[in-house]
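Asker: Chains as they are written, first to last, in this note's numbering: chain A, 1 to 289; chain B, 290 to 711.
Calculated from the structure, these hints are not laboratory results. Any given hint could be a false lead.
Short, incomplete list of chain A residues facing chain B, as computed with Cβ under 8 Å [said to hold, decoys possible]:
no., residue
1, Gly61
2, Pro140
3, Ala141
4, Gly148
5, Ala232
6, Ala234
7, Glu250
Pairwise CB distance ranges, derived in the manner of DEER restraints [to be verified]:
no., chain 1, residue 1, chain 2, residue 2, range
8, B, Arg665, A, Leu126, 48 to 56 Å
9, A, Gly46, B, Ala669, 56 to 64 Å
10, A, Ala27, B, Asp335, 51 to 59 Å
11, B, Asp658, A, Arg55, 28 to 36 Å
12, A, Arg55, B, Glu532, 14 to 22 Å
13, B, Asn493, A, Ala20, 44 to 52 Å
14, A, Leu106, B, Pro435, 38 to 46 Å
Beta carbons: idealized from backbone N, C-alpha and C, even for Gly.
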Amino acid sequence: MTARTQPRRRGLLLAAPALAVVGFAAAALLLAARGSLADGLGRGWGLSAYADLLRDPALDGSLPLSLEIAALSTAVSAAAALAVVGAVSGSRRGRAALDAAARATLAVPHLLAAAAFGLLLSGAGLLSRLARAAGWTDGPADFPALVGGPGHTAVLLTYVWKEAPFVTVMLLAAYTPAVRDLETAARTLGAGRLSRLRHVTLPLLAPALTEACLLVFAFTFAAYEIPALLGATAPRALPVEAVGLYRSVELGDRPGALALAVVIGLVIALAATAAAVVSRRLLRARTGL
Amino acid sequence: MGIRTRHTGRRFARVTALVAAAAATGLLTAACSGTGGGRAEPPVKDWAALRAEARGQTVNLFMYGGDEGANSFVDGEVAPAAEKLGITVRRVPVADTQDAVQKVLGDQRAGKDSGGAVDLVWVNGENFRTGKQADLWLCGYTGLMPNQKYLDRSDPTLTHDFGTPVDDCETPWNRARFAFVYDSARLPEPPRTTAALIEWIKKNPGRFTYPAPPDFTGSAFVRQLLAAGVPGAGPVPAEYGEEAYDAVAPALWKELNALKPALWRQGTTHPKDQPALDDLFADGEVDMTMTYNPAGVPALVDKGRFPATTRVFVPEDGSLGNTSYLAVPGNAAHREAALVLSDLMLSPELQHAKARPGGWGAYPVLDRDRLPEQWRREFASLTTPETTLPAGELSRNALPELSGDWVGPLDKGWKREVAAAS
């Protein structure tokens with residue numbers, strides 16, 4: 001008996017910090033849900049915030065925009081990470097260098113990254129000045145509107161710069177010697193680069209890649225600072241819209257802001273469920289169970 | 290003056306609606322109605338006793354942190370003067386006054402009726418109105434304040450804050466005027482009227498923009514156009530109402546949308562706040578910036594952020610003016626010291642130090658005719674750097690701010706009709 005309870009208790013203890021974080025997040029979401037059903041002062045019950053949300057044209061622009069930003073950032077980061085990891089996987093030194101570079105980028109806070117990309121890409125930014133010095137443009141107005149422009153280019157670039165290293169670290173961790181042995185075996189059996197990638201590397205890295213993609217998607221969908229600093233005035237990303245509404249001078253806007261927060265939470269929950277299903281399928285396909 | 294009489298009904302309706310929504314708590318019933326008497330009553334009725342109690346307290350003064358002139362004035366002048374009364378001033382910078390109000394609201398929702406973290410807030414009209422709706426402010430003390438005798442109590446900008454009756458719930462501190470900032474080297478002949486400004490914008494595409502409302506300055510720019518008279522809109526009714534909105538807003542959105550192609554980046558995007566617009570001006574991306582605090586401009590020139598040839602103008606047909614205030618939340622932990630400090634900040638000494646060129650340069654709220662002879666002379670001898678407006682210009686052609694009820698609908702309308710329209 002003791003032999004069985006001991007590890008279980010230890011497991012619970014080890015899981016406690018994670019459970020605490022999940023508990024805080026759940027409590028915050030519940031509070032937001034409660035606030036979204038109340039009036040501006042947090043009292044009473046009603047669904048009017050959600051009804052208003054359906055009527056608000058801002059949501060038409062914000063939700064697709066946030067989905068687009070999150071999907072594009074995730075896809076490009078994943079592709080870039082796969083390409084880089086695939087390229088250096090053969091050399092031990094290359095792997096070490098890549099790992100160090102990715103970890104260094106991870107250490108840069110998102111806010112700092114946003115500020116740096118703003119200074120680099122804005123109309124009066126470094127690149128624009130270089131373009132002017134080189135005679136390509138006559139002034140800031142000729143430089144493409146990367147920051148605050150309709151394409152949200154600076155937002156996407158900053159996210160890719162921050163998230164691709166994250167996916168890289170996750171993939172490097174999954175890229176065990178066993179994977180490399182299987183690749184080598186496939187190569188000796190005459191498999192080419194592409195078929196090795198398709199039949200060996202990708203299936204073995206898929207669970208790690210899925211998890212990394214889910215985290216990147218959830219983060220980029222719900223993060224505030226980068227789209228707030230580098231995004232256009234309209235439409236604004238969903239979190240920027242929610243914070244703006246919460247800070248409105250009209251107390252009556254607060255339930256709407258919290259309703260937006262609930263929508264953000266729901267989208268993330270949906271993405272997480274989808275990723276869990278996909279990752280279980282992948283595991284089954286690999287183990288043949 | 291019409292603001293006061295016509296506005297009361299609307300505000301009352303709002304307060305009533307809130308009370309109804311707040312169910313039977315009964316906490317909001319006497320929301321600062323005239324003589325105070327809300328749940329947040331002043332601690333004592335005697336100023337000397339208040340001073341004694343305030344000794345040894347630390348005031349957490351929440352104020353907009355983006356104005357360095359204001360920051361250094363509070364740190365360099367207010368804090369030492371308060372120290373003499375035994376009060377420590379801790380300046381807490383916020384990105385927007387709304388953040389301080391949210392903090393007090395959060396405390397209130399958590400049932401924290403005393404010991405709140407916010408002791409004093411440098412507040413502007415729309416946030417004062419929001420706080421008043423939620424019954425956040427301490428009321429009914431200004432009559433006790435020794436320095437109130439220097440104020441002109443009949444001045445409508447001191448009885449109403451953005452159309453919301455002050456009702457003895459805040460202390461005036463500062464005057465401001467909406468103005469445009471330009472570089473006289475690049476633009477020797479700035480447009481002198483609002484109509485000329487609009488014409489100039491259209492003739493010089495890409496050289497002008499404004500911060501996106503609900504940023505304070507951007508929101509003020511939109512109201513400025515409305516108050517200065519948009520063609521086809523007619524005069525703006527002081528009291529907000531759906532009919533009044535429908536009567537003036539469509540013409541305003543039409544005008545702003547007509548301006549769009551001539552704006553920076555063809556109006557597809559806007560700087561997110563005034564500092565961002567200041568950056569564009571400093572970088573030469575646009576030819577003008579704007580401010581609700583022209584007193585802050587010389588400091589920016591001195592620091593080299595703006596060129597030495599920077600000048601300020603207000604349209605001759607008028608621009609918005611307002612008074613900003615200091616308010617004490619009802620649950621403030623150090624309310625005695627907060628009250629003594631807000632009186633101190635109203636004193637001729639500190640109002641003069643505030644107006645002094647080389648310092649913040651911000652405009653006093655005191656009525657010169659009520660000052661003692663010595664202070665009258667001191668104020669008369671104040672000079673203004675040429676990079677900003679002299680105090681005498683301040684009241685000339687100043688347009689009263691629209692009622693605070695207009696701010697939210699106009700900000701939302703702008704987002705819907707101008708920003709989202711392509």
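Asker: Please go over all the hints and tell whether each is borne out by the structure.
Answerer: Here is what the structure says about each hint:
1. Gly61: With a closest approach of 6 Å, the Gly61 (chain A) hint holds.
2. Pro140: Since chain B brings a Cβ to about 5 Å from Pro140 (chain A), closer than 8 Å, the hint holds.
3. Ala141: holds, 5 Å
4. Gly148: Holds - the Cβ of Gly148 (chain A) comes within 8 Å of chain B, reaching about 4 Å at its closest.
5. Ala232: Check passed: Cβ of Ala232 (chain A) comes within 4 Å of chain B, closer than 8 Å.
6. Ala234: Hint holds; Ala234 (chain A) Cβ to chain B Cβ min 4 Å, cut 8 Å.
7. Glu250: At about 4 Å, which falls below the 8 Å cut-off, the nearest Cβ of chain B leaves the hint on Glu250 (chain A) intact, so it holds.
8. B:Arg665 to A:Leu126: 48 to 56 Å: Because 54 Å falls inside the window, the suggested range holds.
9. A:Gly46 to B:Ala669: 56 to 64 Å: 58 Å Cβ-Cβ, so the 56 to 64 Å window holds.
10. A:Ala27 to B:Asp335: 51 to 59 Å: Hint violated: Cβ distance 46 Å, outside 51 to 59 Å.
11. B:Asp658 to A:Arg55: 28 to 36 Å: violated, 54 Å
12. A:Arg55 to B:Glu532: 14 to 22 Å: Between Arg55 (chain A) and Glu532 (chain B), where Cβ atoms are some 21 Å apart, the hint holds.
13. B:Asn493 to A:Ala20: 44 to 52 Å: Given about 58 Å between the Cβ atoms, the range is violated.
14. A:Leu106 to B:Pro435: 38 to 46 Å: violated, 59 Å
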